[in-house]
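Asker: Protein sequences, first through last, are from chains E and V.
Residue 41 in this note's numbering is what sits at position 41 of the first sequence, and the numbering runs on without skipping anything.
Residue 197 in this note's numbering is what sits at position 197 of the second sequence, and the numbering runs on without skipping anything.
Keep in mind that the hints were calculated from the coordinates and are not lab data.
Each hint should be verified, as a subset may be incorrect.
Note: identical chains are not told apart, hence a pair may lie in one copy or across any two.
As the list claims (entries may be wrong) - When the alpha-carbon atoms are kept at most 27 angstroms apart in a straight line, the in silico BS3-like pairs for lysine-lysine are as follows: (1) 205 / 89; (2) 15 / 316; (3) 13 / 331; (4) 13 / 169; (5) 13 / 40; (6) 358 / 226; (7) 40 / 362; (8) 40 / 205; (9) 212 / 40; (10) 226 / 169; (11) 169 / 40; (12) 89 / 324.
Protein chains: 2
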Amino acid sequence: MTTIDIQLSATRKEKPKEDQLAFGRNFTDHMFIMDYSTEKGWYDPRIVPYAPISLDPSTMVFHYGQTVFEGLKAYRTKDDQILLFRPEKNMERMNLSNERICIPHIDGEIVIEGLKKLIQVDRDWVPTAEGTSLYIRPFVIPTEPFLGVAPATQYRFMIIMSPVGSYYKEGIQPVRIFVENEYVRAVAGGTGTAKTGGNYAASLKAQEEATKRGYTQVLWLDGVEKKYVEEVGSMNVFFKIKGEVVTPQLNGSILEGITRNSILQLLRHWDIPVSERRISMDEIREAYDKGELEEAFGTGTAAVISPIGEFLYEEKQILINEGKTGELSKKLYDTLTGIQNGTLKDEFGWTVTVENEKVLSK
Amino acid sequence: MTTIDIQLSATRKEKPKEDQLAFGRNFTDHMFIMDYSTEKGWYDPRIVPYAPISLDPSTMVFHYGQTVFEGLKAYRTKDDQILLFRPEKNMERMNLSNERICIPHIDGEIVIEGLKKLIQVDRDWVPTAEGTSLYIRPFVIPTEPFLGVAPATQYRFMIIMSPVGSYYKEGIQPVRIFVENEYVRAVAGGTGTAKTGGNYAASLKAQEEATKRGYTQVLWLDGVEKKYVEEVGSMNVFFKIKGEVVTPQLNGSILEGITRNSILQLLRHWDIPVSERRISMDEIREAYDKGELEEAFGTGTAAVISPIGEFLYEEKQILINEGKTGELSKKLYDTLTGIQNGTLKDEFGWTVTVENEKVLSK
Ligand SMILES: Cc1ncc(COP(=O)(O)O)c(C=O)c1O
Ligand SMILES: Cc1ncc(COP(=O)(O)O)c(C=O)c1O
């Protein structure tokens, strides 16, 4: 077994107040690092004080976008345990992204071991207030100084962590979504299934324009016919039509969300009819016209469930459940967050406990 | 007029030997930097010693791919002048890329002024041997430490420079190209027209597979029907069919190469029939079968003209001009490189002279 070196910080930062936590602005006292070279493979896994990194301006990460990242959360339970939600799924997806973007495979077990140690070291940073959590960001960047378009021969894998507030400070609120039919996020054969920087850079322009028009997020359509539903910003999307729950199938251009996967399992467990298939905006509009579109919601690590109150498609409004949170959306939200924060029984074996161990430098 | 601060390096690096110049591995003694914040706009343009930059691990450049870059060259003429080739076109394209990727507009004039000063400072780095040049890499990265998918509010623009050897050390050589019909580089509505990192990350996998099969580069097809020619690796592509030169039109998914633009002007100037239009691989195969496919070549800053000797399309070989460099390809290469290095008269006003001035710290 690889040993993880640990170097504890001599000083500790002041923690932000739990009712003032902003997303992704404050980081804990330590970080996990592991380096890669062609000769050594992944080497030197270590926990060190959180600090800037120094890179030559020619470093490939500044030029050719060969990056991959993940996002997951740690939750503090009422009896002061720390739970992770399906971290092995994030490792699996990270390696799918790596594969697409030509980054060498990373041993998920070492990373999860390192992550657990990192959380043990920074345990006090996991917030306690309801709805709060510790957001965990594993990521890989190429560190080779070289201006050539080719897979790098040196990489750095890191994990940084940030305490985040409740997504729904004033209770769960449906969002308004703009259906995008000019810009395209991804197409089969492209990088849409990978969690890589370029997909997010590509999304900014459409998001900016939707925001200007008063919409929270963009719903992407397929890049070929611009008819079929793909996903929403950083979420997968579900529709409840005449009692059946429909979500776009994994088609080679959307990201497979871990929340999506969990929601599908929950629905099937409850014997609610579910279908993963191609679904067009025309079909959704038709269902709406017939009064058969009952609910719609996005799923993702940040919001867990984000009920959708309205779509704007081709300048026409599609109002869902009178703009209010649907019953199923609410039930899914309560169940999933309950499992995540330990108030509901975890029948699926999704949560992983981080033991409460004191960690010393070594 | 903005003044550019100049801080000269106390030491100078040893220069690599001119017959051993590798692409993108050695950098000059100085670099140009300019920063951006929402409050100040672009500020503090300066020339400083070439040195690593230090960034917080949460800096957006490591996560969301909001980067843009450019590539151009400076050439040393026989009578020791330094020439730039159409630098204002690179600035124009950089701002088109910026626009797509939500990076604030950059004043091209300040950048060109800064670039000229930078070259004056590092003038000795422009190599003298035939076919060599100084490769110039302007680029923009988001420098805000924030884990949110949104346009950054802080950026850094930089120019670094690298002396590069002749692309064709053993004379101009046709390349073998693999026509890719699984992976997709870009689609209209995506980011294909922008010089942004994600496009290059997306290309690595296909390039890797083509290399394994013995092909130098990949020819991309459109992402919708996978029938129409887009471009090659880091080059635009041209075909000579029955005396007419055909190149894919600017269709919203290919990059507008500055070499492409110059080649089109040259061809029109020479009264050679030229057409910018959609062209399918079927049409190319048909022309080949009829013996009408006379030449094919890629165009880009690195190679200028790269004759294509062979395509592999759907496992069938398309051999061009018996795998030898075509007459027109050679003439275009000689003319363009002649203008660039000052041995031919520049009738188009493409070259810009960098005055030979001594620059002091200020
Ligand atoms: C593009 C995209 N789709 C979907 C998701 C949802 O994935 P998950 O449920 O794993 O958070 C995310 C967020 O990670 C995302 O970035
Ligand atoms: C994708 C792509 N296409 C085409 C080109 C050719 O452009 P230029 O002639 O400006 O070098 C490049 C290189 O810059 C490129 O990266």
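Asker: Check residue 15 against residue 316 for me: Cα-Cα at most 27 angstroms, and say if that holds within a copy, between copies, both or neither.
Answerer: neither (46 angstroms within a copy, 64 angstroms between copies)
Asker: Could you place residue 205 and residue 89 in one of the four classes (within, between, both, neither) given a Cα distance threshold of 27 angstroms?
Answerer: between (30 angstroms within a copy, 23 angstroms between copies)
Asker: Checking an output row: residue 13 and residue 169, CA cutoff 27 angstroms. Within, between, both or neither?
Answerer: This pair counts as within: shortest intra-copy Cα distance 25 angstroms, inter-copy 56 angstroms.
Asker: First find the shortest C-alpha distance between residue 212 and residue 40 inside one copy, then the shortest across copies, and answer within, between, both or neither for a cut-off of 27 angstroms.
Answerer: between (49 angstroms within a copy, 23 angstroms between copies)
Asker: Cα distance capped at 27 angstroms. Does residue 13 pair with residue 40 within a copy, between copies, both, or neither?
Answerer: Intra 34 angstroms, inter 29 angstroms, cutoff 27 angstroms: neither.
Asker: Is it within, between, both or neither when you check residue 169 against residue 40 at 27 angstroms Cα-Cα?
Answerer: neither (47 angstroms within a copy, 33 angstroms between copies)
Asker: For residue 226 and residue 169, with the copy left unspecified, which applies at a CA distance of at most 27 angstroms: within, between, both, or neither?
Answerer: Neither. Shortest intra-copy (35 angstroms) and inter-copy (47 angstroms) distances fail the 27 angstroms Cα cut-off.
Asker: Can you tell me if residue 40 and residue 205 fall within 27 angstroms by alpha carbon in one copy, between copies, both or neither?
Answerer: between (40 angstroms within a copy, 22 angstroms between copies)
Asker: Within a copy, between copies, both or neither: which one fits residue 358 and residue 226 at a CA-CA cutoff of 27 angstroms?
Answerer: neither (54 angstroms within a copy, 57 angstroms between copies)
Asker: Given a CA cutoff of 27 angstroms, do residue 89 and residue 324 count as a within-copy pair, a between-copy pair, both, or neither?
Answerer: Intra 32 angstroms, inter 51 angstroms, cutoff 27 angstroms: neither.
Asker: Within a copy, between copies, both or neither: which one fits residue 40 and residue 362 at a CA-CA cutoff of 27 angstroms?
Answerer: within (22 angstroms within a copy, 45 angstroms between copies)
Asker: Quick one: residue 13 to residue 331, C-alpha cut-off 27 angstroms, is that within a copy, between copies, both, or neither?
Answerer: Neither: 38 angstroms inside a copy, 65 angstroms across copies.
The earlier numbered hints that this structure contradicts are 2, 3, 5, 6, 10, 11, 12.
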